[in-house]
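Student: These are the residues of each chain, in order.
Protein chains: 4
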Amino acid sequence: SLVQTATGVRELAKRIGQATIKVDLRSVLIVTKARDNSLIVLTRQLAMWLIKTRGICVYVDAKLRLSKRFNAEGMLAEEPRAETNLRYWTPELTRTMPDLFDLVLTLGGDGTVLYTSWLFQRIVPPVLAFSLGSLGFLTNFAYTDHELHLNRVFDEGININLRMRFTCSVHKGGHQTETFEVINEIVIDRGPSPWISMLELYGNNHLLTKVQADGLILSTPTGSTAYSLSAGGSLVHPEIPAISVTPICPHTLSFRPMLLPDSMLLKVSVPGGARNTAWASFDGRHRVELRSGDYVTVTASQYPFPTVTAGPMDYIEAVSRTLKWNVREQQKPFK
Amino acid sequence: SLVQTATGVRELAKRIGQATIKVDLRSVLIVTKARDNSLIVLTRQLAMWLIKTRGICVYVDAKLRLSKRFNAEGMLAEEPRAETNLRYWTPELTRTMPDLFDLVLTLGGDGTVLYTSWLFQRIVPPVLAFSLGSLGFLTNFAYTDHELHLNRVFDEGININLRMRFTCSVHKGGHQTETFEVINEIVIDRGPSPWISMLELYGNNHLLTKVQADGLILSTPTGSTAYSLSAGGSLVHPEIPAISVTPICPHTLSFRPMLLPDSMLLKVSVPGGARNTAWASFDGRHRVELRSGDYVTVTASQYPFPTVTAGPMDYIEAVSRTLKWNVREQQKPFK
Amino acid sequence: SLVQTATGVRELAKRIGQATIKVDLRSVLIVTKARDNSLIVLTRQLAMWLIKTRGICVYVDAKLRLSKRFNAEGMLAEEPRAETNLRYWTPELTRTMPDLFDLVLTLGGDGTVLYTSWLFQRIVPPVLAFSLGSLGFLTNFAYTDHELHLNRVFDEGININLRMRFTCSVHKGGHQTETFEVINEIVIDRGPSPWISMLELYGNNHLLTKVQADGLILSTPTGSTAYSLSAGGSLVHPEIPAISVTPICPHTLSFRPMLLPDSMLLKVSVPGGARNTAWASFDGRHRVELRSGDYVTVTASQYPFPTVTAGPMDYIEAVSRTLKWNVREQQKPFK
Amino acid sequence: SLVQTATGVRELAKRIGQATIKVDLRSVLIVTKARDNSLIVLTRQLAMWLIKTRGICVYVDAKLRLSKRFNAEGMLAEEPRAETNLRYWTPELTRTMPDLFDLVLTLGGDGTVLYTSWLFQRIVPPVLAFSLGSLGFLTNFAYTDHELHLNRVFDEGININLRMRFTCSVHKGGHQTETFEVINEIVIDRGPSPWISMLELYGNNHLLTKVQADGLILSTPTGSTAYSLSAGGSLVHPEIPAISVTPICPHTLSFRPMLLPDSMLLKVSVPGGARNTAWASFDGRHRVELRSGDYVTVTASQYPFPTVTAGPMDYIEAVSRTLKWNVREQQKPFK
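Chains as they are written, first to last, in the working numbering: chain A, 3 to 337; chain B, 3 to 337; chain C, 3 to 337; chain D, 3 to 337.
Since the hints were made in silico from the structure, they are not lab data. Please note that the accuracy of each hint is not assured.
Unchecked claim - According to the in silico footprint, chain D covers these stretches of chain C (three or more CB under 8 Å from chain D):
#1 207-213
#2 232-242
#3 307-320
To be verified - Ranges of calculated distance between the beta carbons of each label pair, as one might list FRET restraints:
#4 197(C) <-> 208(A): 31 to 39 Å
#5 293(D) <-> 10(B): 53 to 61 Å
#6 208(A) <-> 153(B): 47 to 55 Å
All residues carry an ideal CB built from backbone N, CA and C; glycine is no exception.
If we strip away everything but chain A, and leave its shape as in the complex, we get (with noise of 0.2 Å):
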């Protein structure tokens, strides 16, 4: 019977992943990098659109609320509806009111949806991603297309993928000082100096191993194809719930990486009596020193990040897109 109950909630889990969502669209947010002019232009259009044949309010980054380029004016002076439904979000909007946006769409690469999962600290609305040029990992749906893309999204619904994010919590001299939500992972490593601390590695409070390395990669699925991968860790699917333990450059050769259930409580400590100090990393962004008696604890976040998915194969064509996964040149045959 406990097998049956196992077996049931894996089917659940498998239903949940699959699932297709009829979303009442009726706010949606647009993330874009501000500052470069093309993508001003293409925020207002895309803005325009929305508003006009759906009649559904967007919030635009607040920095365009006097950019020229973007001339929020002449939107009002054209679509008088935008006098109410075009609004500004800053990151403090994000961050305290996430359930005003009923769903995200992101103008960039994949940097644009990794700065999203930074704005969105706790709960995050599903985000659908438009790339501008070649997809990405994460960029799964081309801008070319994006008023087909859209109307189905408002017609049909759509299929969230929940990709797992980390809660790290960084304790230093004793006390928890900062706390970050990361979608692809953490680093410790060994900073600006050229000697790294060993490292220790705890699960549920039992020590793991002791790391001699350049540096420990702690990865989310998502952020396998990024540093994990470089460092030699395995793909793996976002579908699965489990956190990629990827060393840097270990100092014994049998520190093969492992992969533990996200069930695990992890945490990542500079042992007592160290003489070097170790720096944590955040996504690629935050840098923070650990020192001697510093750790950082790293668990499965109650807030994943819904992506909007392209298709059910959507993973495996992003690797064979991306990083060319086992793809063999096709060789020129002779004529």
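We have chain A already, so just place chains B, C and D on it with the hints.
Tutor: Below, chains B, C and D alone, put in the same frame as chain A:
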């Protein structure tokens, strides 16, 4: 709310993996190599101890029924309860009536545990694996302390780990010919032929990739410490519901091992028109030739393999002990 | 002074690897797949061009002597010098009288070059390898420009690269039974049997290591882009006098590939008392069973394989082109 | 005949690598960590033994001249020959007058041998490395048997291995600023900055590849057991004249480590227009920042590092002992 459901399901899965179960143990089955003389003596002692001190039924290998060394008659003379409580199992019985047994005890090495998986092709009772020498991956209880361990099992209950198995179905000439439950891996390789055909790997009926390699390993988490590891795969904790796809000597540099969710139906086929055949093997035991058009399907089994755990860090201790995972040799200091 | 001598020797080796040689070309041998119709036509055109424009002797495959498509009689009618200058080679002739040929031209792919190495088991004339489609590792001249390339060879000379070959001797039942020259690798693996015996690897008659693996690859620098690479070996520039030792799916995590000096005499043996046999194969062609007590010796051959180079960066261009070594896909930018 | 010359050169190289040299030992230099008290005592004992039993000159670190623990006056009192035969070395002396010393003895670990390489930036006397604890890669003589080993050296001569060093020249702002001899490796990495510029790797002034990675390691055979190994490089026997190119966490899956001939002039540059700097370090000691346009050249040094070998299988024994290369743990059998 989808997120909340998903979080709830994850929490549920976590608890299932850690529950202590009080089992009403009335019947125990002992698996060992029946032809090894020293093991016959141990089996006899263990059976007697279980019947005498706990008064339960003990099933031993039917090959021992007439063994002089086992001396069943002597047991009856010494302990009258053996008349009813000493029973004999056959592969037929384990296959058809697995519910007869509340617990399986194995004496030997990891191979004996693999053999137990073969005996129980459907429902598997909890398995407690004793090692007679060094502890292995699966043999995590030292036989030297068997009375201590068994008394704890009777008095306090057991923690079990539901290890994933695969259900592998062979399709030849358009018909399903055989089905195997494996606990380590299925390997499709070139067998005796010097060349392999290209293989095709499908997930949920979509082509994932074409494989040009010496072979392909589809491994459970349990099997991630076996052949998959030799071929470059990562270590995967047994609680993770993932299938490792590991190529053997692939022709492309980019064919990095990949983990797929266990909800995916995998299929490996020899494409139509292929000149060479491939060979599938199941836990290293059975070998089946696959010709052009033949294929094997692989899914997470409904019948996992429940193993009794020795402690919360069982897995890490096993890989440290057995693989020397990231174990640094102590250097002799100067005195 | 020892250091000075060593430096001098190194300098000498360097110059040998880079010399331009003016060859007095009076006789050329053409190797191709004699059964491929389009190749027969090309062979005929090439032979005619060489006889007509350069007046030299051309040896073609004796299988073409009676080929209607090759039409030797028509050649004689068209060009009287063909009477004396069109000649035929057989494997017997290449084996026994390699000095007859000043240059070998191969038409085809890398396989045709490997076949040429088999034809010349002792001294090998310089080999210029034409590719009919994409350039390969060894086929570094495009046939579409063959007149240009050949005129340069006649007028300016050639640069050659002396590619190391191995002399492999098989010892069975106490006697040396066969000897092979290989240009890529010798592989000792489990062949058709599901299990391999442990192998023993000796260097200069000292035991280097015991091998528990699917097999062992001993590779020349030329072979480092072939099977050794699939098994995890490094790329080795063909000018380096080293033997790559690469295990196939080893049982220990620490069995990292190793390069040994080509001055070392290697021996791979199946130890006495082994239950299973092993199989040796030579450039993927010949397969020899090794039983308990049998062994193979491997040394750098006295008969290297001289290939004509297309330029100083030949090797790097070949690995970039063929393996996509560190080639980044160009991402399509947004327009 | 080219082949014959090449074979002769190879044979010559082989003999140089294996010659036993009878050295007329009149002066020995001892290198150790001068601040370690126990080492001071050992240095004193060793110097006295050499002066008393062999009557040769012994150079010790000039820092010991006034050390109470070393007690040079006591030595003079005990052994009058110490008056002339006990001498002191300074880094200045080793740099400018290396010919003064017939043999260097190091007491300590591999770090002390690396330090010796730094002391002798041009000609290096033969180095015999004593280990005070476990033997290391370079410290292949146990100090506990030092009298035995030294008597053999005096009476029978030594075998030496000429370990390749690199001459690395730093070019900044259009000028050569520094030159280092390294015995392990030169590393170019991102240093303290979170991002690295793309690097360019040139061989003989041809672009070999553009490097997007955490860094790049150019390693000697001696260094192949150090950082290069951690980054995934192969083990390279010290007699092989090759340069290992090993990327650190490369961005492409196809950037496999490559071995280049030591006759090649390598150059690593930070391309013009790069936004970030890179950092070069030499045997892990010195750190130099490279800005846009700066570069480092690397060539096989004219000044190799001659180490005294303990036996013909020195290298294999060292990697087995120190790296546990393909060493299988003995499993405890059942008794």
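Student: Could one say that the CB atoms of residue 208(A) and residue 153(B) fall in the range 47 to 55 Å?
Tutor: Once the Cβ atoms are compared, 25 Å apart, the range 47 to 55 Å for residue 153(B) and residue 208(A) is violated.
Student: How about the region 307-320 of chain C: do at least three of its residues have a C-beta closer than 8 Å to a C-beta of chain D?
Tutor: holds (count 4)
Student: Evaluate the given range 31 to 39 Å for the C-beta pair formed by residue 197(C) and residue 208(A).
Tutor: holds, 37 Å
Student: Can you take a look at whether the region 232-242 of chain C is actually covered by chain D? Rule is 3+ residues, C-beta closer than 8 Å.
Tutor: holds (count 7)
Student: According to a criterion of three or more residues whose C-beta lies within less than 8 Å of a C-beta of chain D, is the region 207-213 of chain C covered?
Tutor: holds (count 5)
Student: Hint says 53 to 61 Å; check whether the CB-CB distance for residue 293(D) and residue 10(B) agrees.
Tutor: holds, 54 Å
Checked against the numbered hints above, the structure breaks only hint 6 and satisfies the rest.
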